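Chains as they are written, first to last, in this note's numbering: chain A, 1 to 258; chain B, 1 to 365.
Check each hint, because a few of them may be wrong.
[Said to hold, decoys possible] Subject to a maximum C-alpha distance of 27 angstroms in a straight line, what follows is the list of computed DSSO-like cross-link-like pairs (lysine-lysine):
1. A:Lys87 - A:Lys43
2. B:Lys186 - A:Lys91
3. A:Lys127 - B:Lys119
4. A:Lys149 - B:Lys122
Keep in mind that the hints were calculated from the coordinates and are not lab data. All of these numbers come straight from a predicted model, not from anything done at the bench.
What follows is each chain in one-letter form.
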Amino acid sequence: MKEQETREMQNGQSDNAMVEIIDMHKWFGDFHVLQGIDLTVQKKERIVICGPSGSGKSTLIRCINRLEEHQKGRIIVDGTELTNNIKNIEKIRAEVGMVFQHFNLFPHLTIVDNLTLGPIWVRKVPKAEAEETAMFYLEKVHIAEQARKYPGQLSGGQQQRVAIARSLCMKPKLMLFDEPTSALDPEMIKEVLDVMIELAQEGMTMLVVTHEMGFAKSVAHRVLFMDFGQIVEANTPEEFFDNPQHDRTKLFLSQILH
Amino acid sequence: MNNSDDTRMQGMKPPVTHVGLIGWIRANLFNSALNSILTVVTLFVLWKIVPPLVRWAFIDSVWHTTGKACRQVTGACWSVVWENIRFILFGFYPFDSQWRPLVAMLILFGLLFYSQNRKHWKKILIYVWILGLFFMGLLMKGGLFGLSPVESTKWSGLPLTLLLSVFGLTAAYPLGVVLALGRRSKLPTVRWLSIVYIEMIRGVPLISLLFMSAIIFPLFLPEGITINKILRAQIAIILFTAAYIAEVVRGGLQAMPRGQYEAAESMGLNYYQTMRLIILPQALKIVIPPTVSILISAFKDTSLVVIIALWDLLKTTQSVLANPEWMGFSPEAYIFVALLYFAGCFSMSGYSRKLERELSAGEKQ
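This is chain A alone, in the form it adopts within the complex (with noise of 0.2 angstroms):
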C-alpha cells in the first residue's frame, strides 16, 4: 500500500503539496535554531521527525501553524504564504490539527465539551451537529463512554486519545503531531500508536516528531533526521534505518535501538 501511494505521490505535480518550506531559518534570541529548511509535504504524505533533543525538530512543525514565527524564508501551507496576516494565520490554524506531548486539553470543560469547542466557535457548525462528530470520532479513539467526564479524570492515554479526535473535529487537511506519546506511561504508548496508524491508514497527512522507531518503519513514507536546526538526511524508513548515509544518522541510531 505504501509504496503504491509513494509513487502517486511523486507523479503528482507541484499543486499537490500540501507543505512546503523554502530556506526557513529562525531565531531564538541568538540562538539560530533552524538554519535552512527546505522541506515539501505531498498531500497524503506521512513523514516522521526524528532527532536529538534541541535539533529543531519541534520547532519546525509549530512554525507550520505558526506556533512559532520563522525570521526568513517561505511557508506555504495548502496555498497559503504564512505571513504577519492573522485571518490567513488562523485560516490555517483551522486546517491544521496538533496534537501536543503534553495533550493540552481544556480541564475546565467536559470532554464532548472539548470536542466541540473548536468547530462551534472556528467553524460556526450547529451545536447539535457538532455533538453528534464529537462523539464519532470519540467512537474512533474508542472512548466514547468517556464523553461526558473532566480531562482530568483520565487516564494520560485516554487524555491524548481525547486531544487526537478534538483535532479531527475541526476536519483537518494536515495532522501535527509533537511528541504525542513522550509523556506517557509505557503501556498507554500502545493505545495512542494504535489511533494514529488507523488514522494514517485513511490517508491523513501526517508530520510526526516521534521517537517510536517502530511507528516510523510501518507507517511512514519518509523519515527526516534533524541535528543542529538542519534536516540532514531524509530518506524512506527502509533506507533510512538499514542504510543511513551521515555519521550523525548513525551515530543517534545507535544511541536509540540498543
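Fit chain B to the supplied structure of chain A, relying on the hints for placement.
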C-alpha cells in the same frame, strides 16, 4: 473471616481511643504536653470572658428605654440602637418616605439571593437586574408615579453603603479584568497605559482619591456643570478597586500553562475567543480567594466616604452617639454596625467558598 487465605482484616475497627468524641479530644486537644497546656489555658480564658459577656449583652441588658434609664443598669444598653434604628439605617432620608429605601434594599437582597444560584446565570438575569436597578433608582429618587422627589444629598445610612459597595464592586471587577488583559497585551500602547494606570492608582491611598474626586475634580469641570457627589465617590471607589483586582487577575493569567493558549490558538480560535472560552474561566477561578479578599476590603473601605461628608452607615451611627442623650453608649452602637458589616463580609466569603467548590467539582480527580 470465612476464607483463611484472605489475610485482609475486614471486620477490624480502629481502637476506641482513636474514634468518637474521646478520640477526637485526644487527637486535637491533648495530643502533646504543649497542646494540653494550651487547651487548659484557653478554657480558663474562655471561662473568664464568656459568662460576663453573656451577662452584659443578654441578661443585664435593656432593649427599649430612654438614655436616662440606661445609665441606671450595668448591662448593655441596646436601646441606643433600637430607639435610633431608623436614623442609623436611613439617615436624613425623609422620615415618612423611609419605606422606599427599605423596599429598594429588599429588592437588592432579593436580586443578590436569586443571582447566587449558578443555574440562574442566563441572559435573562441581566434584564432582571436592569429592571431591578430601575425600580431601586425610582424608589430612591422619586419624582415619578406620585413619589415625592428626594435629593441624593439626603441619601444616607445603609442604603448609601450598599449602593457604593454593590455598584463599586460589580463595576470594578470587569474593569480590573480588562486592565489585567491590557497589561499583558502585545500592543505597547495598551500595555503601557494599563501599567501607568494600575501603578498610579495603587500608589495613592483611597482617601486621597476620594478627596480628589470631591475637591479637585470639580475644579476642572466647566462652570455650571456639577456631577453628583455620590457618583464621584462611586467612581473613585471603582477606579481604586479595579487596579487591585487587575493585579490579582494578572497573577491568575500568569499561572495558566502556555499549552492552554497554544491548544486554543492551534484550533484557530482568535484572541477574544481564546480569552473568553479558555483562559479567563480558568484564571478567574484560580484567583477567587484573593479577589474576594479585595472585594471584602473594598466593601469595608466604603466607610471612608465620611471624610468627604457622605453620611454612610458608620457616620449616621456616630452622629447618634453625638446626641447628649445617648453619649457614652458607643460599644453597643458599634457592635451593631460591626454585625452588619460582618454579615456582608461573611456572606461574601461563604459564597466564594461555595462557588469554588461548585466550579472545581468534577475537574479534580
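Hint check:
no. : hint                : in the structure
1   : A:Lys87 - A:Lys43   : holds (23 angstroms)
2   : B:Lys186 - A:Lys91  : holds (21 angstroms)
3   : A:Lys127 - B:Lys119 : holds (20 angstroms)
4   : A:Lys149 - B:Lys122 : holds (23 angstroms)
Every hint from the earlier list agrees with this structure, and none is contradicted.
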